[in-house]
Amino acid sequence: MAPCGIVPYAAAKVRVAAAPRRTHICPVITALGAAVRRQVERLGSVGEFVADSARALSQTRTWTANAMQQARRLGVDSLPIGLLIAAFTGIVLALLANYSLTGAVPLYFVGVLLEKTITLELTPVLTGLALAGRVGANIAAELGTMRVTEQVDALETLAYDPYAYLVVPRVLAGTFMFPVVVALSMLVALGFGYIAARGIVGLTASEFQQGVQLFYTNFDIEYGLVKSASFGFAVSLIGCISGLRARGGAEGVGRAATNAVVYSAVMILVLDAFWAMTWLQAKRT
Amino acid sequence: MIRLDNVSKAFGEKQVLKGFSLDVREGETVALIGFSGSGKSVAIKHVVGLLEPDSGTVFVDDKEVPALPRKELYELRSHIGYVFQFAALFDSLTIGENVGMGLVKQGKLSPPEIETRVAEALALVDLPGNQARYPAELSGGMRKRVGIARAIALRPKYILYDEPTTGLDPVTSAVIDELMLRMQKQLGVTGVVITHDMRSAYRVATRIAMLYEGSVRQVGTVQEIQNTTDPVVRQFIEGRATLDQEAPRAAPTPGGRR
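Chains as they are written, first to last, in my numbering: chain A, 8 to 292; chain B, 81 to 338.
In case anyone wonders, no lab produced these hints; they're calculated from the structure.
All figures in this text were calculated on a predicted structure; none of them were measured in a lab.
A virtual CB, placed ideally from N, CA and C, is assigned to each residue, including glycine.
Please note: incorrect hints may appear among the correct ones.
[Stated by the list, open to error] Chain A side only, calculated, beta carbon under 7 angstroms to chain B, not exhaustive:
#	residue
1	Ala42
2	Gln158
3	Ala161
4	Thr164
5	Phe226
6	Asp227
7	Ile228
8	Glu229
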C-alpha cells in the first residue's frame with residue numbers, strides 16, 4: 008500500500024503531471040487486488056468447509072442418527088412442490104409440442120419431445136430450482152438460527168463435531184433425495200403430458216408410447232438423475248455454508264437464507280451447463 | 081487447573097483481549113466480572129477451544145488447548161460443562177434429549193442409564209418430570225436451569241457459567257446461586273462464573289477477577305475485592321455511574337461479545 012502515491016521528492020518535482028494519474032490508478036489496483044484476494048479467500052474457505060465435511064463422514068455414529076430425518080424433511084416433504092411443478096411442466100410441454108409439430112411430423116413425436124425434454128433437462132432443472140428455494144432456504148435459516156443463538160457452540164461444547172452432526176446428514180440427504188424427487192417428477196410429468204396430449208390433441212396411448220420409446224435410452228434417465236444428485240449436493244452444501252456462517256441475529260439469518268437461494272440457483276444453472284458440455288457432448292461423440 | 085496465559089484476541093480491528101491472564105485452581109469458583117462487552121465470554125470461550133487466541137495460550141489440566149488435535153479437544157470438552165447466557169438449548173429436541181445429548185455422544189451409558197442421569201440432573205435444577213417438554217414451552221429461568229442440567233449431566237470436572245442469573249428474578253437467581261454452590265461444595269466442581277450481579281458473585285465465588293480493557297484489572301478473594309481501593313473496580317462493584325464520585329464513568333471497553 009505504501010508505494011502507491013509515494014514518490015521521492017526529486018522525482019515528484021520532475022513528474023508533477025504524472026502524480027495525479029498514479030493516485031487515480033493506485034486505488035483502482037488496490038481495490039482490484041483486495042477484491043481478488045477476497046474471492047480467493049472465499050474459495051479457499053469453501054474448500055476447507057468441504058474438506059472438513061468429508062473428514063466428518065467417518066463419524067458414522069454421529070450422522071446416521073440424523074440422516075433419515077433429514078431425508079424425510081428435505082426429500083419426502085419436498086415431493087408435493089416437485090410433483091406439482093412436474094404436472095404443469097408435462098401439460099405445457101405436450102401443448103407446446105403439439106403447437107410446434109402440427110402438420111409437419113407425425114403426432115406421436117409429441118411423445119419423443121416429452122420424453123427427451125422431461126428426462127434430460129426440464130424436470131431436473133425446474134425441480135432443482137424449486138428445491139433450491141425450499142431446501143436451501145430451510146437449511147440456511149435453520150443452521151443460521153442455530154449459529155446466532157449459540158446452539159452450534161453448544162454442540163461443540165458437548166463434544167459434537169458440527170460437520171458430522173449438522174452438515175453431513177443434510178448434504179447426504181440432499182444428494183440422495185433430489186434424484187428420488189426428480190425420478191417421481193419425471194413420471195408425473197410424462198403422465199400429465201400424456202393426459203394433456205390425449206385430451207386436447209387426441210393422441211392415443213399406443214401413439215404416445217411409440218413416441219416415448221422411439222429415441223429412448225437408459226442414458227436419458229441416468230443423465231437426469233446424476234445431474235439432479237449434483238444439484239442436491241450443491242444446494243444442501245450451499246445452505247449449510249450460508250447457515251453456519253450467519254452472523255448478527257435475525258438480519259444475518261435472513262441474509263444467509265437469501266444467499267443460499269441465490270447461490271444455489273446460480274450453481275444449478277452452472278452445473279446444468281457443465282454436464283451438458285461434458286457428459287452430454289461426450290455421449291454424442 | 082485452568083490457566084489463561086497472556087491471551088490476546090481481536091475481531092477485525094476490535095481488540096477484545098490484550099494480554100489476559102487468569103489461573104483457576106482446582107475446586108474453586110472464580111467470578112469474572114466486567115463491563116458489558118468487555119470480552120468476558122470471549123475469554124471463557126478460549127477455555128473450551130471455541131475460539132483460538134491470536135497470541136498467548138490456554139491450558140486445561142496442563143493440556144494446551146489451542147494445540148490439541150480435534151479428537152483430544154473433544155475429549156477435553158467432555159470434562160467441561162458450559163452454561164450459555166441464553167441457554168442455547170436445541171429447539172427441535174425435547175428437554176430430556178437436550179440434557180442427555182452429551183451423554184449420548186460419550187456412549188458410555190446405556191439408554192436407560194442416560195434416562196436416569198437426565199432425571200437426576202433435572203431434579204437437581206428443580207425441574208423434575210419435564211423431559212417431554214420442548215424449550216419453547218419453558219420460561220427464561222427454566223431454560224437457564226435446563227442449560228445447567230445439560231452441563232452437570234456430564235458430571236464435568238469444570239463448569240463455565242456465562243451470566244447464569246442475568247435477566248432472572250431474585251428468587252430464581254438465588255436458586256441458581258445455590259445450585260452453583262452445591263456443584264462446588266458437594267461435587268468439587270471447579271467453576272468460572274461470568275456475572276454482573278455482585279450479590280451473586282460474593283455468594284458463589286472463592287475469588288473474583290475483574291476484566292477491564294482486555295486484561296485482568298484486579299483479582300482477589302471476595303473480601304479483597306470488597307475492600308479494594310482501585311477506583312475502576314470500586315465503581316463497578318458499587319454500581320456507581322461515576323468514577324470516584326467525580327470523574328465520569330470509566331470509558332467503555334473496546335471489546336464485544338461474539
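Each hint, compared with the structure:
no.	hint	verdict
1	Ala42	violated (18 angstroms)
2	Gln158	holds (5 angstroms)
3	Ala161	holds (4 angstroms)
4	Thr164	holds (4 angstroms)
5	Phe226	violated (41 angstroms)
6	Asp227	violated (39 angstroms)
7	Ile228	violated (36 angstroms)
8	Glu229	violated (36 angstroms)
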